[in-house]
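Following the hints, put chain B in place on chain A, whose structure we already have.
2 protein chains.
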Amino acid sequence: LDVIGIDWGSSNRRAYWLEDSGVLRAQREDEQGVLAVAGSTDFAVSLASWIGDWRVQSGGAVILSGMIGSHSGWQEAPYLEVPLPLDRLPAETVPLAQDPRIRFVPGLCQREPGPDVMRGEEMQLLGAWKLSAADGWYVLPGTHSKWALLRDGVVQRFHTFMTGELYARLSEKGALAAVIAPASTEDDDAFLQAVRDVRASTALAQLFSVRSGVLLGSLPSHAARARLSGLLIGEEFAAMASFGASPGERLHILGSSALARRYDAAARMLGHPTVLHDPVRCHLRALAEFAR
Amino acid sequence: LDVIGIDWGSSNRRAYWLEDSGVLRAQREDEQGVLAVAGSTDFAVSLASWIGDWRVQSGGAVILSGMIGSHSGWQEAPYLEVPLPLDRLPAETVPLAQDPRIRFVPGLCQREPGPDVMRGEEMQLLGAWKLSAADGWYVLPGTHSKWALLRDGVVQRFHTFMTGELYARLSEKGALAAVIAPASTEDDDAFLQAVRDVRASTALAQLFSVRSGVLLGSLPSHAARARLSGLLIGEEFAAMASFGASPGERLHILGSSALARRYDAAARMLGHPTVLHDPVRCHLRALAEFAR
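Line by line, the protein sequences give chains A and B. Reminder that position 29 of the first sequence reads as 29 in our numbering, one-by-one numbering, no gaps. Reminder that position 164 of the second sequence reads as 164 in our numbering, one-by-one numbering, no gaps.
These are computed hints drawn from the structure, not numbers from a lab. Treat the hints with caution; some may be incorrect.
[Stated by the list, open to error] Coverage of chain B stretches by chain A, computed from C-beta distances (three or more under 8 Å per stretch; other residues unrestricted):
#1 41-49
#2 152-163
#3 197-206
#4 213-220
#5 277-291
[Said to hold, decoys possible] Computed Cβ-Cβ distance ranges for the label pairs, DEER-style:
#6 A:L35 to B:T185: 47 to 55 Å
#7 A:H71 to B:R268: 37 to 45 Å
#8 B:S132 to A:E81: 30 to 38 Å
#9 B:T274 to A:E172: 45 to 53 Å
#10 A:L35 to B:S49: 22 to 30 Å
#11 B:T185 to A:S218: 42 to 50 Å
#12 B:D189 to A:A178: 35 to 43 Å
#13 A:P247 to B:L35: 38 to 46 Å
#14 A:R111 to B:V275: 36 to 44 Å
Glycine is no exception: its CB is placed at the ideal position from the N, C-alpha and C atoms.
Only chain A is shown next, with the shape it has when bound in the complex (with noise of 0.2 Å):
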C-alpha cells in the first residue's frame, strides 16, 4: 500500500508520497508549522487543503511525525520511554480520533539519567537504523540536537542540547550579535579552535570572548559567528565525551546540511570515526515500516 509520511514540526512540515513499490512519488515542504496552523486554523483543513489530492489518488494512510503529536499539537501521542526497540513504532501510533487513516507517531522520553523528550527524530533513528543495522551514537544536529545510543535496534538513552537555539538567540541581537560581522563566511579553523578550547573549559566560561576577543583584536569579527558555533558545538562533544560517546566510539550524523559537515568536521578532529546518513532517506525508509 502507498503511505504519505508528514515530517510537521514546529515551524515547518515535509510531506512524502511513498508507493508501495518503495519509489518516492512526490514531496512537498511548506512553512505551515505546528505555531503557525494553531489557532489560526484547523489542523484537518490545514492538512486536506495541502496534500487533500494526494489522499484521494494514493488511498494510502497518513503518517504524522514530530510537534503535531504534542499537547500542542492536533492530537496528542503519549511518549514511549526509552529503552525502547525502535521496531516498536508502527504498532504504537496513534489514530486520529476522527479518522484512523491519520495515525500519529509517538516520540520518545527518558526519566533516568536526566528527563529528555523528542519528538520527530525516532523516525530518523528508525530508518537509519533500518539502513546501517549499526550500533552506537547517532547525532542529529538541529534547533534541539539530540544524541541517541542505539543496541540492536534499541534507543537506550539520548541527550538534547539547545545548540542550534541557542545560536541563533545569541547571533540575533545582544553583546554577541554585536560584533559578528553581517556577511562573515565559513572559517573552519576558528570553528575547530573553538571546538579544541572548551575542552579546556566550559562554552558558558568562554562565550564573552567572542566578543572581548573582537574587541581586543584577537579575534577577527568575520570568525566570531564561527567561533559563537564551535564553542556550543565543542560541548556537545566534550559533554558526550563524559556521557560514554568517547573518542574513538563511530558517530552516526543524520544530516546532508552545512551544520552536519560541521559536526562531521568537529567529530573527526577530536578522533571519531564518522558516517553521514542523508535524513530524507532515514526517514522515507522509516516510513515503509509504517506501509506494512
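Frame of chain A; chain B shown alone:
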C-alpha cells in the same frame, strides 16, 4: 571640591552629586542609556538637559564611567590592561575634547589567560577595595557578571559570564520560555538544586532538562525559572572553582538586589564565606578618589 559621578551604561544611567564633605547631595536615574541616546540626539545635549543644573550649582567635574566611554559611546577611553592597581584610575581618566571638566574613566582589559573586558565595574571594584582593603575574589552579578581577583588593590585578572543575558533571552521566548510559569515565584530549593546539579555536567548539557522536566512532570513549572537561573549561575561557580576561586575562598559580592542574594546563597552552599557590598556605596567611595 564637589564631584558628579555618572554610571552611564548601555540601557540606563545613574548620576550622583557628591559634596566635597563626602555627603551625597542628590542622585538621579533614568533609562537614557548609551543605546537610547546614540543616534537620536547628542550626548552633550542629553547630559546638559539631565544634570545641567547640578553642574551650574556645584561647579564640580563630571566623572563618566561605563559604556559611555566605549567605541560606541561619547568618546572612547582606551582600556587599561591588567594587572592594574585600581589607585591609578583617577590619574588615567580621559578628558572630553570639548570640555576637560568632563572626564571618562577607562575600562579594563585582559589578554591572558583569555581576552576579556569591563567598563563600569572598575569603579565599584575601586570603591569596594577602598572600603574593605580585602584581597580576594569580587563578584559583580548582572547582565554580564564579572569575577575579579584583587591583591593589594591590584586587579590581577577577571572573568565575564553572559549569565544575565542568557537568562533574559531564554526566558523571554523559545523552548524554555514556553514551559516557565508566567508568575513563577522565587524557589530557593529548585535554584540550589540546579547549582548542585551543574557540578555533575555543564549548564548547556542540562538546559533542555528544564523543558523536559516540566513536560514529564519531574519539575514543577513554577520552579522552572529558578532552575534555569541555578544552572546558569551554578556554572559560574563551577568554572571559577577551576580558575582559582575554590570552595573555602572568601567571595565579595557587590550587589543588594535579589540577584545578588541568589549568588550569596549559592556561594554559601558551596562553602564560600561571603561579604556583601552595597554597589552604590562602592561607587560613591570610588568617586571620592576622583574629587582629590
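Verification of the hints:
Against chain A, the segment 41-49 of chain B contributes 0 residues with a C-beta closer than 8 Å to a partner C-beta. That does not satisfy the three-residue criterion, and the hint is violated. Here's how the segment 152-163 of chain B fares: 5 of its residues keep a CB closer than 8 Å to some CB of chain A, so the rule of at least three is met and the hint holds. A stretch counts as covered by a chain when three or more of its residues have a beta carbon under 8 Å from one of that chain; for the segment 197-206 of chain B and chain A the count is 6, and the coverage holds. For the segment 213-220 of chain B, the stated coverage by chain A is satisfied: 5 residues place a CB nearer than 8 Å to a CB of that chain, which reaches the threshold of 3.
Interface restraint, the segment 277-291 of chain B with chain A: violated (0 residues with C-beta to C-beta distance below 8 Å; minimum three). With their beta carbons about 28 Å apart, L35 (chain A) and T185 (chain B) fall outside the hinted range of 47 to 55 Å. Distance hint check for H71 (chain A) and R268 (chain B): the Cβ-Cβ separation is about 39 Å, which falls inside the suggested range of 37 to 45 Å. For S132 (chain B) and E81 (chain A), the Cβ-Cβ distance of about 54 Å falls outside the hinted range of 30 to 38 Å, so the restraint is violated.
For T274 (chain B) and E172 (chain A), the hinted distance range of 45 to 53 Å is not satisfied, since their beta carbons lie about 36 Å from each other. Here the CB-CB span from L35 (chain A) to S49 (chain B) is close to 45 Å, at odds with the stated 22 to 30 Å. Between T185 (chain B) and S218 (chain A) the Cβ separation comes to about 43 Å, which falls inside the hinted range of 42 to 50 Å. A hinted range of 35 to 43 Å holds for the C-beta pair D189 (chain B) and A178 (chain A), which are about 37 Å apart.
For P247 (chain A) and L35 (chain B), the Cβ-Cβ distance of about 44 Å falls inside the hinted range of 38 to 46 Å, so the restraint holds. For the hinted restraint 36 to 44 Å between R111 (chain A) and V275 (chain B), the CB-CB distance of approximately 42 Å keeps it satisfied.
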